[in-house]
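A.B. asks: Next come the chains, spelled out residue by residue.
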Amino acid sequence: MGGLGNNFCNLPSTSSEMTCGSFLSQQQRTFIQMRTVLKVVDNSGAKKVMCIQALKGKKGARLGDTIIASVKEAMPNGKVKKGKVVYGVVVRAAMQRGRCDGSEVKFDDNAVVLVDKQGQPIGTRVFGPVPHELRQKKHVKILTLAGHIA
Amino acid sequence: MWAALRSRYLHPSATSLPSSSLINRPWKLGFLGLNQTFSSSSAESSSKELLSLQEVEKVLSDVRADDVTVIPVGNQCDWADFMVIATGRSSWHVKNIAQALIYKVKQKQKGAKRLVLPSVQGQETGKWIVVDSGRVIVHALDEKARTYYNLEKLWTVKTVQKEPVEDLTKAFVKVRRINNSKKPAQRSA
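Protein chains in written order, with the UniProt record's numbering: chain A, 1 to 150; chain B, 1 to 189.
Treat the hints as calculated values from the structure; they're not laboratory data.
Take these hints with a grain of salt, some might be off.
Said to hold, decoys possible - Once the Cα atoms are required to be at most 16 Å apart in a straight line, the calculated EDC-like pairs of lysine to aspartate or glutamate come out as:
1) B/LYS127 / A/ASP116
2) A/LYS117 / A/ASP65
3) A/LYS117 / B/GLU124
4) B/LYS104 / B/GLU57
5) A/LYS39 / A/ASP109
6) A/LYS138 / B/GLU124
7) B/LYS144 / B/ASP67
To be verified - Which residues of chain B face chain A? A partial, calculated answer using Cβ under 7 Å:
8) SER119
9) GLN121
10) THR125
11) VAL130
12) ASP132
13) TYR149
Here the structure is a predicted model, which is why all the values come from computation and not from measurement.
Yeah, the Cβ is synthetic: ideal placement off N, Cα and C, and Gly gets one too.
Produce the entire structure from the sequences given, and follow the hints as far as they go.
C.D. replies: This is the structure:
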């Protein structure tokens, strides 16, 4: 929390005290990059994966992008095992993403759905809400497996 | 009655398909019968979307796809009205189903300056191809993928799942803990 790196709190004027409070209470969320741990929200067997490469984007992956990840934690009898390198589609991201009507959407956690190299989902069900952006990004398969669409 | 059905079809997003069970049966049994009466109105109703339901059915029967199932999901989700699931006998057959649907869309839009094609996902592998044409989404799977993903179970069970929750909340009865203490019961004076 102390690493926000702005010196607004040192300003004595009262007008900036309100902005100083709002800056400290909200975190600046950023892209999903190497070493980001994400939750897996399908029934493929994995529980947590760590991103090792964001396929598109120099700074990192956002909502709806594909990443390469390594499985860090898995259920004992699942389709993927710990240590396997898998592809995944980001379905929930803490970083806000702008929609075409000007609104922004952001979630509380970072979640991913595992897919194979051709884009076929490995699991058969997706839990939790998924955003509409997946339709534009050609991930209609994940939308059909999902129960709740944000 | 035909006018009512036609108006319901022209505005699929506005209505919530109150008698979906009534419509569901004719699709599987005698949809071709409805097809002929709709032919006069199909010209105006199908120009709004890329592919309409009757055209999808016709193309799938031409390609000889197995086990065509139509699920009305308009009441469950707002981004699609119908899901059509078809099975192909081999991966080549599945790819052929997708190609036939795209060909149909191209034929419909002959003479237009710009072609609006439906988005197709999964075209390289013949396992599961999704053709997204607006309100109607067509899934072409092969046998193994169909049993693996079990899409019908997912989309027909959704409406049933919401009802039992209300019964559960009514069924909550306050349960008193069993008093196993050996102390004599205190009498309040």
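A.B. asks: Which of the numbered hints above does this structure break?
C.D. replies: No hint contradicted; all consistent.
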